Amino acid sequence: MARPVFGRSEHAPPVVVLDRDRRLVEAARRDPAQFDALYRKYLPQVYAFALYELADHHAAEDATERTFLRALAALPRFREQARPEDGPEASTFRVWLFRVARNVIANERRSQRRQPAASLDAALGAGLSIADATDVEGAAVLRDEAATALRAVRALPDDRRRAVLLRFVDEMSTAEIAGVLGKSEGAVRVLIHRALGSVARELGAGRRAGRS
Amino acid sequence: MTAPFAAGPYLPGPDALDGIDALVTDRYLDELLTAAERGAAATPADAALEGDLREATDVLRRSLVRVHPSFRFEERLAAQLADVAVTGAQGDGSMRSGNVIAFRPRTVDAAQADPLLSAILDGWLDPADTDAVARAEGVRSRTRPLIVGGALTSAAISLVGVAVVAWRASRADVRSVRLARERADGVLTATGVGGPA
Numbered sequence: 001m002a003r004p005v006f007g008r009s010e011h012a013p014p015v016v017v018l019d020r021d022r023r024l025v026e027a028a029r030r031d032p033a034q035f036d037a038l039y040r041k042y043l044p045q046v047y048a049f050a051l052y053e054l055a056d057h058h059a060a061e062d063a064t065e066r067t068f069l070r071a072l073a074a075l076p077r078f079r080e081q082a083r084p085e086d087g088p089e090a091s092t093f094r095v096w097l098f099r100v101a102r103n104v105i106a107n108e109r110r111s112q113r114r115q116p117a118a119s120l121d122a123a124l125g126a127g128l129s130i131a132d133a134t135d136v137e138g139a140a141v142l143r144d145e146a147a148t149a150l151r152a153v154r155a156l157p158d159d160r161r162r163a164v165l166l167r168f169v170d171e172m173s174t175a176e177i178a179g180v181l182g183k184s185e186g187a188v189r190v191l192i193h194r195a196l197g198s199v200a201r202e203l204g205a206g207r208r209a210g211r212s
Numbered sequence: 213m214t215a216p217f218a219a220g221p222y223l224p225g226p227d228a229l230d231g232i233d234a235l236v237t238d239r240y241l242d243e244l245l246t247a248a249e250r251g252a253a254a255t256p257a258d259a260a261l262e263g264d265l266r267e268a269t270d271v272l273r274r275s276l277v278r279v280h281p282s283f284r285f286e287e288r289l290a291a292q293l294a295d296v297a298v299t300g301a302q303g304d305g306s307m308r309s310g311n312v313i314a315f316r317p318r319t320v321d322a323a324q325a326d327p328l329l330s331a332i333l334d335g336w337l338d339p340a341d342t343d344a345v346a347r348a349e350g351v352r353s354r355t356r357p358l359i360v361g362g363a364l365t366s367a368a369i370s371l372v373g374v375a376v377v378a379w380r381a382s383r384a385d386v387r388s389v390r391l392a393r394e395r396a397d398g399v400l401t402a403t404g405v406g407g408p409a
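From first to last, the protein sequence lines are chains Y and U.
Going by the numbering used here, the residue at position 161 of the first sequence is 161; the numbering climbs one at a time, nothing skipped.
Going by the numbering used here, the residue at position 44 of the second sequence is 256; the numbering climbs one at a time, nothing skipped.
These aren't lab readings, by the way, just hints derived from the structure by calculation.
Quick caveat: nothing in here was measured; it's all calculated off a predicted structure.
There may be inaccurate statements among the hints.
Pairs of lysine to aspartate or glutamate, EDC-like flavour, derived with a Cα cap of 16 Å [unchecked claim]:
#1 Y/K41 / U/E286
#2 Y/K41 / U/E287
#3 Y/K183 / Y/D158
#4 Y/K183 / U/D341
#5 Y/K183 / Y/D159
#6 Y/K183 / U/D343
#7 Y/K41 / Y/E171
Covered stretches of chain U (in silico footprint by chain Y; criterion: 3 or more residues with CB under 8 Å from a CB of chain Y, positions within the stretch not fixed) [as the list claims (entries may be wrong)]:
#8 231-239
#9 267-276
#10 280-292
#11 336-347
The beta-carbon is built from N, C-alpha and C at its ideal position, and this holds for glycine as well.
From just these sequences and the hints, can you work out the full model?
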């Protein structure tokens with residue numbers, strides 16, 4: 001018969017860390033000054049999401065600022081809701097933070113609609129210099145492809161665009177994106193699949209136009 | 213007599229087929245992102261995924277790079293957050309709902325950067341609740357700021373106004389309204405401005 005070890009039987013379920021940020025979140029709850037660690041960890045992700053959504057550095061900075069101010073203000077009321085099936089990499093703080101970011105950005109986009117649309121490749125600028133400097137022709141092709149893909153992403157319906165950005169830019173799992181967007185995992189998979197179909201069609205059309 | 217349900221081969225509908233294709237795409241994306249995490253140069257070869265989708269995925273993987281904000285912005289926001297954190301801790305050791313927050317000059321800057329901040333600090337608005345935030349933003353855009361004796365005063369008063377209107381719009385139950393009125397009456401009595409009629 002299995003003997004209990006330190007008061008627990010050998011058959012006790014393994015301890016699952018539901019939120020990899022739990023330690024940092026608890027520290028920030030005890031002392032709000034400790035929020036800095038969470039801020040430094042997630043700043044690039046939130047800023048990048050805002051920049052791709054808003055296509056403007058200043059608007060992205062404003063949205064990032066509001067997101068973190070709101071997150072800090074609401075942290076005492078944040079509740080961890082990860083499920084064991086979300087896996088050890090799940091971070092419900094990250095999902096919650098991106099829900100806050102999504103709401104801030106959605107409002108910013110509503111006010112942006114009253115202004116001329118910005119160009120994402122112009123806003124990213126150096127971000128598109130991804131090619132080998134010695135291969136000028138190849139670099140031009142890759143830059144054109146990237147610009148076409150970014151335009152196609154910008155033209156996607158809201159939820160498809162957000163799902164693609166969270167998957168590619170922030171490298172979130174389908175489960176995390178489902179949490180951010182308030183949808184089922186199946187719905188998120190379909191959103192991304194259809195978004196990729198749209199991008200593929202735009203890339204094909206761009207290639208055909210380049211040849212003719 | 214005919215059977216109520218004719219037996220026949222199961223043919224999945226277009227939605228089910230879309231779901232299956234979406235699963236294949238999702239698996240490819242998982243492999244692609246895992247390979248990138250490992251630092252593997254080659255992209256995974258998945259014969260099940262259509263060529264044009266695979267290509268679109270690879271182009272997006274190359275194009276959607278993560279962009280870091282400027283160091284200056286990072287440090288400025290870090291200082292602003294630290295200031296709000298200190299202000300929150302001054303209440304009674306936490307930023308709990310119900311604390312009266314004394315806005316210091318730089319925290320007023322933070323509140324001006326986000327007019328809904330005071331409502332969130334006081335627990336009237338959940339920033340992760342999409343519907344509540346949209347309602348509050350809608351109310352704020354229709355609210356005319358009050359100008360009473362200088363910029364600082366007007367900012368503080370309009371913030372309180374926005375917070376109360378947003379809270380009323382999102383939670384208009386009678387008990388909350390009564391509690392808020394009692395609380396406001398208490399503040400007015402304590403400050404000598406007035407009291408319950």
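Handout entry: Straight-line alpha-carbon gap Y/K41 to U/E287, limit 16 Å
Key = Judged against 16 Å, a Cα distance of about 14 Å means the pair holds.
Practice task
Please count how many residues of the segment 336-347 of chain U have a CB within 8 Å of a CB from chain Y and say whether that reaches 3.
Solution key: It holds, with 7 qualifying residues against the three required.
Handout entry: Pairwise hint evaluation, Y/D158 against Y/K183, where the allowed Cα distance is 16 Å at most
Key = 13 Å, holds
Practice task
For the pair supplied as a hint, Y/K41 and U/E286, confirm whether the alpha-carbon distance does not exceed 16 Å.
Solution key: Given pair Y/K41, U/E286 holds - Cα atoms ~12 Å apart, limit 16 Å.
Practice task
Quickly compare the C-alpha distance for Y/K183 and Y/D159 to 16 Å and report which way the hint goes.
Solution key: 10 Å, holds
Practice task
Starting from Y/K41, check that the Cα of Y/E171 is at most 16 Å away, please.
Solution key: It holds: about 14 Å lies between the C-alpha atoms, which stays within 16 Å.
Practice task
Take the segment 267-276 of chain U, compare each residue's beta carbon with every beta carbon of chain Y, and decide whether three or more fall closer than 8 Å.
Solution key: Answer holds; 9 residues pass the 8 Å Cβ test.
Handout entry: 16 Å Cα cutoff - pair Y/K183, U/D343
Key = Holds, at about 15 Å.
Handout entry: Coverage of the segment 231-239 of chain U by chain Y, judged on three or more residues with CB within 8 Å
Key = This one holds; 6 residues, not fewer than the three required, reach chain Y with a Cβ under 8 Å.
Problem - Verdict on chain Y covering the segment 280-292 of chain U, criterion of 3 CB contacts below 8 Å - result: holds (count 7)
Exercise for the section: Please work out if Y/K183 and U/D341 have their alpha carbons no farther apart than 16 Å. Expected result: Satisfied, since the Cα-Cα distance of roughly 14 Å is no more than 16 Å.
Of the numbered hints given earlier, the model fails none.
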